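**Q** Below, each chain spelled out in residue letters.
There are 2 protein chains.
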Amino acid sequence: MQDKYTRFQKLMEDIHDLGKAAGVLSWDRSAYMPSGGAAARARQSATLARVIHEIETSDEMGELLENLDEWKHSLDPDSDEFGLIRLAQREYTRARATPSDLVSRMSETNGLATMAWQKARAENDFAAFLPHLEKVFALAREYASCFPHVAHPYDALLDRVEQGLTKAEVERIFNEVKGPQSDLLHRIMDSGVDLDDSLLHQKFPREAQLAASLEAAKMLGYDLKRGRLDTVAHPFATSFSVNDVRITTRVYEDFLAPCLFGTLHETGHALYELGVPQRLEGLPTARGASAGVHESQSRLFENLIGRSAAFSHALLPILQKYFPAQLGHVTPDAFFRAVNKVQPSFIRVEADEVSYNLHIIIRFEIEVALLEGRLAVKDLPDAWRAKFQEYLGITPPNDREGVLQDVHWSWGLIGHFQSYALGNIIASQWWSMMAKDLPQDELMRAGNITPIREWLGAHVHQFGRKYTPKDLIQKATGGPIDTGPYLGYLEGKFGEVYGV
Amino acid sequence: MQDKYTRFQKLMEDIHDLGKAAGVLSWDRSAYMPSGGAAARARQSATLARVIHEIETSDEMGELLENLDEWKHSLDPDSDEFGLIRLAQREYTRARATPSDLVSRMSETNGLATMAWQKARAENDFAAFLPHLEKVFALAREYASCFPHVAHPYDALLDRVEQGLTKAEVERIFNEVKGPQSDLLHRIMDSGVDLDDSLLHQKFPREAQLAASLEAAKMLGYDLKRGRLDTVAHPFATSFSVNDVRITTRVYEDFLAPCLFGTLHETGHALYELGVPQRLEGLPTARGASAGVHESQSRLFENLIGRSAAFSHALLPILQKYFPAQLGHVTPDAFFRAVNKVQPSFIRVEADEVSYNLHIIIRFEIEVALLEGRLAVKDLPDAWRAKFQEYLGITPPNDREGVLQDVHWSWGLIGHFQSYALGNIIASQWWSMMAKDLPQDELMRAGNITPIREWLGAHVHQFGRKYTPKDLIQKATGGPIDTGPYLGYLEGKFGEVYGV
Chain A
1 MQDKYTRFQK LMEDIHDLGK AAGVLSWDRS AYMPSGGAAA RARQSATLAR
51 VIHEIETSDE MGELLENLDE WKHSLDPDSD EFGLIRLAQR EYTRARATPS
101 DLVSRMSETN GLATMAWQKA RAENDFAAFL PHLEKVFALA REYASCFPHV
151 AHPYDALLDR VEQGLTKAEV ERIFNEVKGP QSDLLHRIMD SGVDLDDSLL
201 HQKFPREAQL AASLEAAKML GYDLKRGRLD TVAHPFATSF SVNDVRITTR
251 VYEDFLAPCL FGTLHETGHA LYELGVPQRL EGLPTARGAS AGVHESQSRL
301 FENLIGRSAA FSHALLPILQ KYFPAQLGHV TPDAFFRAVN KVQPSFIRVE
351 ADEVSYNLHI IIRFEIEVAL LEGRLAVKDL PDAWRAKFQE YLGITPPNDR
401 EGVLQDVHWS WGLIGHFQSY ALGNIIASQW WSMMAKDLPQ DELMRAGNIT
451 PIREWLGAHV HQFGRKYTPK DLIQKATGGP IDTGPYLGYL EGKFGEVYGV
Chain B
501 MQDKYTRFQK LMEDIHDLGK AAGVLSWDRS AYMPSGGAAA RARQSATLAR
551 VIHEIETSDE MGELLENLDE WKHSLDPDSD EFGLIRLAQR EYTRARATPS
601 DLVSRMSETN GLATMAWQKA RAENDFAAFL PHLEKVFALA REYASCFPHV
651 AHPYDALLDR VEQGLTKAEV ERIFNEVKGP QSDLLHRIMD SGVDLDDSLL
701 HQKFPREAQL AASLEAAKML GYDLKRGRLD TVAHPFATSF SVNDVRITTR
751 VYEDFLAPCL FGTLHETGHA LYELGVPQRL EGLPTARGAS AGVHESQSRL
801 FENLIGRSAA FSHALLPILQ KYFPAQLGHV TPDAFFRAVN KVQPSFIRVE
851 ADEVSYNLHI IIRFEIEVAL LEGRLAVKDL PDAWRAKFQE YLGITPPNDR
901 EGVLQDVHWS WGLIGHFQSY ALGNIIASQW WSMMAKDLPQ DELMRAGNIT
951 PIREWLGAHV HQFGRKYTPK DLIQKATGGP IDTGPYLGYL EGKFGEVYGV
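Line order of the protein sequences matches chains A and B.
Numbering-wise (my numbering), the first sequence opens with residue 1 and increments by one.
Numbering-wise (my numbering), the second sequence opens with residue 501 and increments by one.
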């Protein structure tokens, strides 16, 4: 059986290596590729994806997994081998259930939809995007129908990024936070307090923003021997190895927050991938457990650390070094308040912590209604405006700042947005557990993040993708996803900031 | 048969796409990868190489090529289809003749040798590199022995980069240029003329060098919609698509020539790849014909244009814009003379045009002697010093500036250096043919390079890799590689500059 495992592991290493090669192609496309390279790059990426899919669904893989299944049950469920076989079985089952012609149609449709979306967004023209979006949702339904055992089509899509989680569970979680977050937002809006964030809206030269953000990332533990920072239109983090995890950001010269907090956010993602143990290097288990768990790391570093009162004492001096004229006179408390201004707004990626999840819940409810056929794609802009009015008390003036704002649907990412909200919630679970072991405020105030990173390493990072997200959270916290710590955090922090 | 050709073409497209993906990985390694990524990147590249090799040598490919062979003979030998089948047959035959365990041993040996070389070069320690170099040459001999039909082991290695050319032909060519180049060099050294190149040795800030070099590249026809310029330790050009061909350079802030002429050199390579017709995009024929023909393009743009008296009138104003203090007072004639200073030196990449080929001939003669067993690897430093004294009249003071200077042998590139000299020679063949059609001096003086690029497009670029280098040169010039134009060029240009 060891022979079979060795061969199986070799195939998994190949899948990993080819996937990482695809990652480099994708990073280059976003960061450096000249425009002329687009068509060829799309084809190269598609070829790599096909070769990977061929290995994943090969008869050899099927036979190996069948042979290894019984052996797996003799293994320690915490072993790397068990985790790798589990992951491969899941990927094999999913991939074999999906006809390859559906995969190509989805890939082609997404490519065209993304181009159409870019144009439609720039021109605020939902009608031009509509036929593409209708195809995307039709294909999402067709994809979901490949998994007839699920209780709801959303489950089949959700399972791609949060294995084992269901629409019913997401609904339960969202129902728990929706009321309290709305209530808090209303109390803040009614408080009459209007925080001054003008210090963030000054002239901040590009190169200095990048240097300051990188220095802040280094304080969080990011290391340029194992990473680098580049600028792109839509920031992301990407891992090519447990020793080469790159982050990206974007710069607005008249607004400091996107570059700075964007960098801290991607640093959180990167530290997760960099914290996967070296012995998993080269295997598909050498990455984060799920999109939601990944977001729990990025949001923890961006918000629980980056936007905390305590860390302002460590972060502000870095910024003052690069921007003495703009920020030299600012106090840590003023900085803390400025970066925590709450204001319902149209754009998800610019949302404050109190209203952020409401942006997600709107998308979740819309996706479910679309998948159930209760809503037609053509009626999306109306539904979007109605939901915004209901949850945030504002109505987007146009589709560009409304339903056209995010690229995700063009990419075929239906059943994906929930992970951003789950990340916020899970981050607070880690944070409240960590509070039993570490004096977090004291550490953050001193800019000493190493113990926090090590704690996350021991409870989250070290397991890579060995467990399902559910199992990982159960193992680390002793229970399922729990909204209590998150709601307590929001109420505590923003209750104090706004005196409500 | 059309079905079989379609399937064959699909496999060739896959080989092309995966090869380009490997190219992106390699470019990133040189230009941007953090040091931590090295080990994983080596593995990813090896995995891609193996997947490509598996397709190239697959039974399916063998059967398709057998089926297509007869059909090929019914095709126009100038057709794209004929060229693609010819190329695939050649690659298939070579790849099948090479045992895969030899390929892995070479790959592993080269990886270790490259690391050892970096250290040995830095520490001027040939003894530490010796065991690696012995393995590299032993494997080169073993590789050559896989092709028992060749007349000389060098032929088997040479055929990898110059299909169809033999050691005997290279020898014939080198024997024709060796005497005249040595003689010209001696006359120059004895002339007592010492050109002043101090204008190149001033302080030139990095960013301005890059901007000026890029502007010069644009004047040659390089277009940032289809390319970009980055800095690396060892410059190169690389193609990811006929619409995405990138160049690299390096900067010394106290010496203008390496960045500027390095950029013009790589621009020559890039314009070749960018000149391949769009209809070949995505196929292995969409690239240059051979290493030597490629070098004929880079050296043409670097030297025949870049270092010409006429082009100095167009190039110098660009430089003066970026370096008014350093070069504002310089005349085109003074610039032309400075960049054509002849001085025997130890380092190949810094050699002037008159002595450059002698550097290559030294390496060629040493490689042949090593392959024949007339020279032992351990005696290389002595042989190197003796040859330098014989051909250039100087003896390297140490191995770092002698036998350890180039990375090529560590990479397993035996039978490769000759292409640099062949490139010089072939460049002059194109140039003298072109002289019948175009007023080159007038065009260069005006900075109007488009007609020159279009001429090269029509006679060289448009054919991609459809023909063997021999066939391409025969087709374009009506004969084989001819040293006459090159020797005439050197004698004319340097005879005038030095009055000898």
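To be clear, the hints were calculated from the coordinates, so they are not data collected in a lab.
Treat each hint with caution, since some may be false.
Pair by pair, the computed Cβ-Cβ distance ranges are [claimed, not checked]:
no. : chain 1 : residue 1 : chain 2 : residue 2 : range
1   : B       : Y752      : A       : S100      : 48 to 56 Å
2   : A       : I394      : B       : K510      : 51 to 59 Å
3   : B       : H829      : A       : E123      : 52 to 60 Å
Values in this document were obtained by computation on a predicted structure and should not be read as measured data.
Quick reminder that beta carbons are idealized off the backbone N, C-alpha and C, glycines included.
**Q** State for each hint whether it applies.
**A** Hints and how they fare:
1. B:Y752 / A:S100: 48 to 56 Å: holds, 53 Å
2. A:I394 / B:K510: 51 to 59 Å: Since A:I394 and B:K510 have Cβ atoms about 52 Å apart, the given range 51 to 59 Å holds.
3. B:H829 / A:E123: 52 to 60 Å: holds, 53 Å
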